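Novice: Top to bottom, those sequences are chains A and B. Quick note: the first sequence uses the working numbering, first residue 108, plus one each step. Quick note: the second sequence uses the working numbering, first residue 57, plus one each step.
Any given hint might turn out to be false.
Dumping the calculated DSSO-like pairs for lysine-lysine here, alpha-carbon to alpha-carbon at most 27 Å [unchecked claim]:
hint, chain 1, residue 1, chain 2, residue 2
1, A, K190, B, K195
2, B, K332, B, K65
3, A, K190, B, K300
4, A, K170, B, K122
5, B, K86, B, K300
6, B, K325, B, K86
7, A, K170, A, K115
8, B, K300, B, K320
9, A, K122, A, K170
Calculated directly from the structure, the hints in this document are not laboratory data. Since this is a predicted model, take the numbers as computed values, not measurements.
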Amino acid sequence: MKIAFTTKGTEWESKIDSRFGRANYFVFYDEDTQELSSINNKDNENDAHGAGPKAAQILFNNKAQVLITGNGPGGNASTILEKIGVVCYIEAQEITIKEAYNLFKEGKLKKFY
Amino acid sequence: MKIAIASGKGGTGKTTLSTNLASYLSENNKVVLCDLDVEEPNSALFLKTEIIHQEKKYKGIPEWNKNTCTLCGNCQEVCNYHAVIQLGDTIMVFPELCHSCYACSDLCPTNSLPMINNETGTLTHFKTNTFDFVESRLKIGEEQAVPLIKQTLKYIDNNFSDEFHKIYDSPPGTSCPVIESTKNADFVILITEPTPFGFNDVKIAIETMKALNKNFGIVINRYGVGNDDVINYCKKNNIPVLAKIPNKKEIAELYSKGELLWNKIPEVKTELENIKNFIFSNIKN
Ligand code: SF4
Ligand code: SF4
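Here chain A stands alone, though its shape is the one from the complex:
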């Protein structure tokens, strides 16, 4: 399974970014290959409009099945994520990617949809 995180950096110890569309990075963890990869989203940060759908598309293109983030995506992005069947977990605030992943594994993150 491939899991996407909205983050402030690209390492396991990097913090989660609670924003979705305007997150600094998307980090992907592929549980099958145990690989960690990332995409810089700083361009999107300055977009006045439509950052959410754009970010949802990045998740789609990277074949993420789960999203772990903070505040939760807005309406337009959610439309896309639900359509492509990404399961979304929220309220990962002020913690590292590693910590968020562990909470997810323990079933302690709140499911958004």
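With chain A fixed as given, assemble chain B with the ligands onto it according to the hints.
Specialist: Only chain B with the ligands this time, still in chain A's reference frame:
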């Protein structure tokens, strides 16, 4: 003459000034007041009006035709607003994000994104005893104010000759909707309160007006509260302060009853006169 009334943030007396100035000027001039704060138009609350015309407004939104689309991806490449997105073999359009620029539609090689009309809001034309009043109200859920503002400005241009003094109550803030509302004005009045927050917001609004190369001046509302930072700043930067509307209990009372001020409070009338004299002598071409 076109006068836009704007403020760095909401709740600084923009609507009070717009409605009172329109009413005051209409004593001796032909006046139309236009409420461009389409997300929350509220001028009508302070006016006794009668509706003379109402129309729905639309904007074009591309509609995807699955059968002819070759999935070339051009549409999402050209859209600056991420309002059209390709997901595998599907093209999704987000009407609330779309700016109706026609780019995707025009550049689609197979004409698979024809533009279809979507309702954005309602324009209403009212008459008061002494002047005309036009407001537009954005439909709930619609995120783009600019297309409706443009159409409302066009309605004013088509229906009112240059003999009219046109007063535009602009949306608060400094983003696209304000710029659209003030860009064709001959003069912009920025209204603020003499508080630290007001000072902060008006500084940003001043920078915006300078960047747009606008002829503008400041009106201080609720003069007497806060401090003189705004006035000192204007002095230092050679920005005219047109009027100071005093902070009075009577004003707050009339306001809460939804009544006009200038015909009941002489000081307000004097301040409006100052505004009028400044603008009229300044814009005599
Ligand atoms: S530009 Fe036209 S043909 Fe190309 S993907 Fe978009 S809708 Fe399909
Ligand atoms: S009309 Fe313009 S803004 Fe709307 S989807 Fe097409 S390219 Fe994007």
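Novice: Hint by hint, say whether it matches the structure.
Specialist: Here is how each hint holds up against the structure:
1. Between K190(A) and K195(B) the CA atoms are separated by roughly 26 Å; this keeps the pair inside 27 Å, and the hint holds.
2. Note on K332(B) and K65(B): the hinted pairing holds, with a Cα-Cα distance of about 24 Å set against a maximum of 27 Å.
3. Simply put, K190(A) and K300(B) have alpha-carbon atoms about 55 Å apart, too far for the 27 Å limit, and the pair is violated.
4. This hinted pair checks out: K170(A) and K122(B) have alpha carbons roughly 23 Å apart, not beyond 27 Å.
5. This hinted pair checks out: K86(B) and K300(B) have alpha carbons roughly 25 Å apart, not beyond 27 Å.
6. Restraint check for K325(B) and K86(B): the C-alpha separation of about 18 Å stays at or below 27 Å, so the hint holds.
7. Using a Cα cut-off of 27 Å, the hinted pair K170(A) and K115(A) holds, with the two alpha carbons roughly 21 Å apart.
8. Taken as a hint, the K300(B) and K320(B) pair is honoured in the structure, with Cα atoms around 17 Å apart against an allowance of 27 Å.
9. For the hint pairing K122(A) with K170(A), the CA-to-CA distance comes to about 22 Å; that is within 27 Å, so the pair holds.
Checked against the numbered hints above, the structure violates only hint 3.
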